[in-house]
Amino acid sequence: DAGITQSPRHKVTETGTPVTLRCHQTENHRYMYWYRQDPGHGLRLIHYSYGVKDTDKGEVSDGYSVSRSKTEDFLLTLESATSSQTSVYFCAIRGWDGGNEQFFGPGTRLTVL
Amino acid sequence: DAKTTQPNSMESNEEEPVHLPCNHSTISGTDYIHWYRQLPSQGPEYVIHGLTSNVNNRMASLAIAEDRKSSTLILHRATLRDAAVYYCILSREPGGADGLTFGKGTHLIIQP
Chain S
133 DAGITQSPRH KVTETGTPVT LRCHQTENHR YMYWYRQDPG HGLRLIHYSY GVKDTDKGEV
193 SDGYSVSRSK TEDFLLTLES ATSSQTSVYF CAIRGWDGGN EQFFGPGTRL TVL
Chain L
1156 DAKTTQPNSM ESNEEEPVHL PCNHSTISGT DYIHWYRQLP SQGPEYVIHG LTSNVNNRMA
1216 SLAIAEDRKS STLILHRATL RDAAVYYCIL SREPGGADGL TFGKGTHLII QP
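Chains S and L, in that order, are what the protein sequence lines are. The opening residue of the first sequence carries number 133 in our numbering; numbering runs sequentially from there. The opening residue of the second sequence carries number 1156 in our numbering; numbering runs sequentially from there.
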């Protein structure tokens, strides 16, 4: 499973509250990713990181920020959650530099009321 | 990014081969072709990838057309555990270094 954990696994929150999701990996991989998946759709890239303090935006980055202060943790923050951010969030790592696979975490189901 | 087109769903019988098609007519010469699958309530799982030549691994085979405008994922002997959504994805970088673009994929149904 490439040593990826996500926390929390489930969260219910209210509109306007801040939310932080954590992705943790144990294998020192440089590349980490956050995706969201909505019903009936494939995954969409929110942000990704290619090293400590090195991040870039993905396709659907509005309303989200990320931080990576150490290799093993990649945090996704919703500064002020909205109902449109209700989704399943997946973290992924790229197996190794130049590798051809991404490995995905188990996902976090977030509901914004 | 170049787009891919896949059938919404396909059905097959257990223990028979399955051929999942993907059209990518606007593929560039350096785009990699990746296949991932997603089982119910799980994150996606890498299946196989290729650039120009056909590829085989323990899970599947990937047949790439000579003009690279289409590819086919082949499951040689489907089991019930292969029921999943299969995504065909193009990326400029190996492993989708700058992220992967998932479409809606093909929902594969396996009949016992």
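Treat the hints with caution; some may be incorrect.
[To be verified] Calculated Cβ distances over 12 Å to all of chain L for the following chain S residues:
1) Gln138
2) Pro140
3) Asn160
4) Arg162
5) His173
6) Val184
7) Glu191
8) Leu207
9) Thr209
10) Val220
11) Gln234
12) Arg241
[Claimed, not checked] In silico lysine-lysine, DSS-like type, Cα no more than 30 Å apart, as pairs:
13) Lys1158/L x Lys202/S
14) Lys185/S x Lys143/S
15) Lys1224/L x Lys1259/L
16) Lys143/S x Lys1158/L
17) Lys1259/L x Lys143/S
18) Lys1224/L x Lys1158/L
19) Lys189/S x Lys1224/L
Hints were generated in silico from the structure; no laboratory data involved. Just so it is clear, CB atoms sit at the ideal spot from N, CA and C, and this is done for glycine as well.
Q) Among the hints numbered above, which are violated by the structure, and what are their numbers in rising order? A) 1, 4, 5, 7, 10, 11, 12, 13, 16
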